[in-house]
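Chemist: These are the residues of each chain, in order.
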Amino acid sequence: MSSVAQQSAVAPARAQRAETAPHGRYALPKGALLVAPAAIFLLACFVVPIAQMVGYSLTAHMDQGIAVPGLTTENYARLFRSNLYWVVLTRTLRIAAITSVICIPIAYPLAYVMARGSAFWSRLVMFTVISPLLVLVVVRAYGWKLILAKQGFLSWLLQNLGIAQAPPTLLYTEWAVIIASAHVFLPFLVLPVASAIGKIDLGVEDAARTLGADWRAVFWRVTVPLSLPGLAVGVTLVFSLTAASYVTPQILGGNFAAMLGTLVQQQVLSVNDWPFGAALATVLLIVTLVVNLVMLRLFERRFARWAGRGEAR
Amino acid sequence: MNMIAPGSHRMAAVALGLSALSKTYGAAAVVDGVDLNVEPGQLISLLGPSGCGKTTTLRMIAGLITPTAGAIHFGDRNVTGIPVHHRNVGVLFQNYALFPHMTVAGNVAFGLEMRSRDRRRNRALVDDALAMVQLTRFADRYPHELSGGQQQRVALARALAIEPQILLLDEPFAALDRKLREEMQIQIKDLQRRIGITTVMVTHDQEEALTMSDQIAVMNNGRIEQYAAPGEVYDRPATRFVAQFIGVSNLFEGEVAERRQHDSVVRTASGVLMTARETGNRARVTLCLRPEAIRIAPAAVGAEPGVDSALGTVSRIVQRGSITEYHLRLACGDTLIACRPSGESDGLTVGLRVIASWASERIHLLV
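Here the protein sequences come in this chain order: A and B.
Numbered according to this note's numbering, the first sequence terminates at residue 1604, and the numbering increases by one at each position without gaps.
Numbered according to this note's numbering, the second sequence terminates at residue 1157, and the numbering increases by one at each position without gaps.
For reference, chain A alone in the conformation it holds in the complex (with noise of 0.2 Å):
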C-alpha cells in the first residue's frame, strides 16, 4: 500500500516535466519510444493494481464475515457511517499537513546551503539529510520510539532544561508521529528545493542587493519566490508519504494515533474485509491526489506567467 501511495505522489511531478518537454516534428515517436518501457511498467505495476483496488472496493462487501458478491456502494456507506473513519481520515490528513508545515522553515536553510554553500559543506548537508532513508523504516521507527518514551532521552532533556516539570507525554500521540515523518520525509522536501535555489540566478540576488535589499529582504522577496516551483513538488512529497505511511504510525502513534494506513492493514490483515480496506485505500487515494492537484493548482497559477509556462507567449 504505502509503495502504490509513494507513486501517486510522485505521478504530479512528472507530469509536471512532460510538460516542458520539447516539442519538435519528431519528438513524438521517438519521445513515445523512450517513454514506453516506464508507461509499461506503471501500467501493469501501478493503473492496474489500482485498478484492481477500486475494483474490489466495489464489487462486494463482508456481512457478517461472508463475502456477498455484487456491485455495491455498501463499503462506502459505511465509510461514512461510522465516526471512527472520519476521525482518523481527518488525523492523517492533519498529521500530513503539519508535517510538511514543520518540514519547510527546516528545509529552506538546508537547501541554501546545499545549493549556495562549498562543494564539502553541500556534500555534508546532502549526506545529512539523507541519512535517515538509509536506515530500515522499523529500526528508525524503534530508534525514536527509545528518544521520545517516558524515561527516554528528550524526556530527560526537557526535565533537565526545566521545560518539562514531570515527564512529557510523547510517546503514541500524533507528535511522535509527526516529528518521525518530519524527520525521514525532510530530503524530499530539501532536494527540490536546493534545486529550485540552485537555478536562482546569482546576479538576480546581487542586483537585489544593489537595490537596497539586506540579506532578509533578498530572501523574502527573490529567493523564496523564485524557489515555489521547488517547494510545490517537496511540500505535495511529503503530504503524500506522511499520509499513506503505515510502519512509523503503527509504532510510534500506536491505537491513540492510527492512521489511515494502519486502518487498512488491519480491514484486510487482521478482520479479513478485503472489500472494505480496499474503499479505505482509495479514499486515500483520491484524497491525496486531490489535495495535491489543489496545492499544485496553486503553485501553478502564481507562477505560470513568470516562468513562460501554460500562457502562450
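Misleading hints may appear alongside valid ones.
[Unchecked claim] Here are the computed lysine to any residue pairs in the SDA-like style, where the Cα-Cα straight-line distance is at most 20 Å:
1. A:K1490 <-> B:N885
2. A:K1490 <-> A:P1400
3. A:K1490 <-> B:E1151
4. A:K1490 <-> B:M892
[Claimed, not checked] Which residues of chain B face chain A? A partial, calculated answer using Cβ under 7 Å:
5. A852
6. F864
7. I872
8. V874
9. H875
10. V879
11. V881
12. A887
13. P890
14. H891
15. F900
16. F928
Just so you know, the hints here were simulated from the structure itself, not pulled from any lab data.
Glycine is no exception: its CB is placed at the ideal position from the N, C-alpha and C atoms.
Keeping the supplied structure of chain A fixed, place chain B upon it in accordance with the hints.
Modeler: Coordinates of chain B only, in the frame set by chain A:
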C-alpha cells in the same frame, strides 16, 4: 567628445575615487593597486581583456566584493566599509538580472520599496522611470515576455529609479546583436548625459569604450595602464599593451641612430629608419604607428626607402567595411599594416611592390 557633462558645473571635484584598491585571492592579485578619480557626470570605461580585473573593480565599487586593501570614496564619503544595500549605486548587469517573478513595474518598484513605503509616490516614480526608457506600455509584462533590448531598458529604469549616486554598467551590451547594440549605446549615452550621472562602464570592446566614454581606463593584469580621454588613448597610447589592445598598431623596436636638434633618427631592428621626438637620452625605444597614418603607393623601379618610408609587397588585403587593410611584407621580413578608406584602392593588388611612407609627427614614442 563632450568632456564635461551638463550638471557638473565644471567642478574639478571627484564623484568617485579609488585609491590603491586591491583584491587578492590567495596569492593572486586580481586587482592590484588601482587609483582612479572620476569627475561628476562623466562616463568612464574600464577597458581590458577578460581577467584583467575590470569586473572585480566594478563589483568592489558596487560593494558586492570586499576589497583586500585600498579605499573607495563617493564624493567626500568613504564607502569602503558600507554594505552594498546602503551604497546607493545603480547597477546594470550583463544579463540584466531582472526579477523573473515580477512584472516590469514590479522590477522598477523593487528598489523604491526598499527605501520608502509611500505607495503613491513609488508608483509615480515607477511611471517616471518607465517613461524615461519608453516602456510605459509594458508595465504589466513579465521580463521573459520582452525582447533583449526592452529587458535592458527595464534594467536601466530599475537601476536609475532609485536615483543612485553612481551608475555602474557591467558589459551592458554584450548580449545584444550588433545593430541593437549600437542603438542602445547611443540611447544610454544620451540618457546618461541628460541625467548627468557619474557612470563607470566595464567593457572588453574597445570600440564601445571609444564611442561612449569621456575617459578610458585601460586595464591589464589588475592594473591601470593608462587613464585618459579616448582620443588620447588612441593617438598616444602610454604602453605597448595599450597600443596593441586599442586599434591596430604597428610597433617598432629600435635604437637611436642619430640625435638631431629637435628629434632623432631611430633604426629599427629590421632596418627601417624613423623619426622620433623626445627620446631623451634613451638608446632603445619602441615606436607606434597607426595604420591610417601610412600612405602606400606603387614603388617605382629602383626606389630607395629613406627616413620614414619602407619598401614592401602587398601580402594580403582585408576588407573591414568602411576601411580596407593592406598587409605589407617589408623587405626586411616585418609586416606592416596600413589602411585607407574602402573604394580608394588605386589598383593595389596582392603581390604588388609598394612604398609605404608616413609623416613623422604621426609616430608615437611609447614610454
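Chemist: A separate judgement is required for each hint: does it hold in the structure or not?
Modeler: Against the structure, the hints:
The hinted pair formed by K1490 of chain A and N885 of chain B meets the criterion: a straight-line CA distance of about 15 Å does not exceed 20 Å. Annotation: proposed proximity of K1490 of chain A to P1400 of chain A holds, straight-line Cα distance about 16 Å (limit 20 Å). Of the pairs offered as hints, the one joining K1490 of chain A and E1151 of chain B is violated, with about 57 Å between alpha carbons and a cut-off of 20 Å exceeded. For a cut-off of 20 Å, the pair hint linking K1490 of chain A to M892 of chain B stands: about 17 Å separates their Cα positions.
Of the supplied interface hints, the one on A852 of chain B holds, with its beta-carbon coming within about 6 Å of a beta-carbon of chain A, less than 7 Å. The restraint placing F864 of chain B at the interface with chain A is violated, with a minimum CB-CB distance near 14 Å, outside the 7 Å limit. Checking I872 of chain B against chain A by beta carbon gives a least distance of about 12 Å; that is not within 7 Å, so the hint is violated. Hint status for V874 of chain B: holds, given a least beta-carbon distance of 5 Å to chain A, under 7 Å.
Interface restraint check: H875 of chain B against chain A, minimum CB-CB distance 5 Å, threshold 7 Å, status holds. With a cut of 7 Å, the hint placing V879 of chain B at the interface with chain A holds, because the nearest CB-to-CB distance is about 6 Å. For V881 of chain B, the interface hint holds, since its Cβ comes within 7 Å of a Cβ in chain A; the closest pair sits about 4 Å apart. Hint status for A887 of chain B: holds, given a least beta-carbon distance of 4 Å to chain A, under 7 Å.
The closest approach between the C-beta of P890 of chain B and any C-beta of chain A is roughly 5 Å, which is under the 7 Å cut-off, so the hint is satisfied. With a cut of 7 Å, the hint placing H891 of chain B at the interface with chain A holds, because the nearest CB-to-CB distance is about 5 Å. For F900 of chain B, the suggested interface contact is upheld, since its CB lies about 5 Å from the closest CB of chain A, less than 7 Å. Because the closest C-beta pair between F928 of chain B and chain A is about 14 Å apart, greater than 7 Å, the hint is violated.
The structure fails hints 3, 6, 7 and 16 (numbered hints given earlier, in ascending order).
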